[in-house]
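Trainee: Here is how the chains run, residue by residue.
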Amino acid sequence: MSGLMEFLAMGGRGAYVWSAFAISLLALALEGRSVMSRNARARRDAIARAAAERVS
Amino acid sequence: MAWTSLASPPRFHAVAGRLVAPLWIAALLLGVAGLVVGLGVAPSDAVQGEAYRILFVHVPAAWMSMLVYVAMAAWAAIGWAFNARMASMLARALAPTGALFTALALWTGACWGRPTWGAWWVWDARLTSELLLLLLYLGFIALVESIPDPRRADASGALLAIVGVVNVPVIYFSVVWWNTLHQGASLTLTAAPRLGASMLAALGLMTLAFWAHAIAAVLARARAIVIEREGSQPWAAAVLEGRA
Amino acid sequence: MTGLAFVHALLRRDLRLASRRRTQTLLPLAFFGTAALLFPLGIGPEPQRLREIAPGIAWACALLAAMLPLQQLYAGDQADGSLEQLMLHDPSAFGIALSKAAVHWATSGLPLVIVAPLAGALMGLTADAAAMLALTLLLGTPVLSLLGSLGAALTLGLRHAAGLILLIVLPLCVPALVFGTGAVAAVDGGGSAAAHCELLGALLIASLALAPWAAAAALRISTE
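Residue numbers (the working numbering), protein chains in the order written: chain A, 1 to 56; chain B, 1001 to 1244; chain C, 2001 to 2224.
Now the stretches of chain B that chain C is said to cover, found in silico as 3 or more residues with beta-carbon under 8 Å:
{"id": "1", "region": "1142-1148"}
{"id": "2", "region": "1160-1166"}
Just some of the chain A residues that point at chain B, by a computed CB distance under 10 Å:
{"id": "3", "residue": "Met10"}
{"id": "4", "residue": "Tyr16"}
{"id": "5", "residue": "Val17"}
{"id": "6", "residue": "Leu25"}
{"id": "7", "residue": "Leu28"}
{"id": "8", "residue": "Asn39"}
{"id": "9", "residue": "Ala40"}
{"id": "10", "residue": "Ala42"}
{"id": "11", "residue": "Asp45"}
{"id": "12", "residue": "Ala46"}
Bear in mind the hints are in silico, worked out from the structure with no lab data behind them.
No experiment lies behind these values; they were computed from the predicted model shown.
Ideal Cβ positions, reconstructed from N, Cα and C, are used throughout, including at glycine.
Make the full structure from the sequences, and use the hints.
Mentor: Shown next, in the form of structure tokens:
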């Protein structure tokens, strides 16, 4: 347990180290998610446009 | 496979689609391995203690920020020179990823700088030129998004990206040309590395992880751009029906 | 009409137009004065501090003042169809780009070379430092004009062109700013500004060599 606490403390620099890693990994994960949803949106819009054209 | 066949948007869309998931899985595995080695296995630094570990995200992010800009400028130039739409779309896909890595490099650099050298930010050559890189990315994105005609947007973006590529060598050589706060290169092509073996391993793993993520994100974004721009083409209808 | 004659004719025409729209032409200068005035008022009149930041204030305000008239650089001619006519004369647009950059410098850059050191002196710069400020602006404002001409060409006819120009051009102008203010700070500290001036000169030469081509290409792209 104390090993884990020591690990998290990172020699007293824990706040800096973990915020650097956490924000980076979070940002990259969010980028992945936003790209996939952009894909989904593009697909939906293209299908909707095609459907509208077929009607008109 | 002839690489030039990827210049056709439908072919690119199909091939890239198969690559995205494996690349993200690779990024995840490499990232976990890199973090385990970097945070657990690698010893603490003699001078900087534990805070140095931030370099395992800071350095790969900075490397990617420069690499992606050069790639973006190169693809934009190819798109402009050969009138190849797919190359220009790839350049547009690269820009947000590059901007994100630049922002991360600046953020993690600040996290590292504060405990180690006492400053979140200094106006030394490397930090300033990295900040300029972020502005160059944002300028590129703003310009291409503001031009309604795709061909004009592609060509204008290419010109702007090429003009800005001068900044990348400045970032890279800034620690050689100016003797200010940011530390010099720990890894060069010619001299032996000044990092320990486990540190090198962690750095290598994290770099590969960032590469894999970047390629996956860029390919996925490029696919979205292809659908946005060419979605009304006949080939797109077949693809979209097949998925929907 | 040969290339040089074309540039000369366009230059004379634009300068004459500028002299007729006196308010519009003097606007950058007025902006510079007003903006530079804000800093001593905002920061406080303490002479030592003011003298230290005077080069930075002068250069930054000069940079922003130079950006003001850029949006109209080509847009005015495009609106009434003159730009199209000019491009018929000069399909490569090189002469147009060069001439427009020269006009911009003559109306927005050169006056600042004279006025900014006066503002600097008001903020406590010594004669040496003020003279160096004039020199760095003499070397640097053409760079701003050349890069600005590129930005204006890229954003021709776009909505939000003004904001786009700032976002695109300002990062490119930062090296000139850094070397310019560095030179004045060096003189102020009693040292030599040679290195800064040499780098500034190199920037000027590089901009003269490359920027007109880039701006011309941008014009061709933007008017297709």
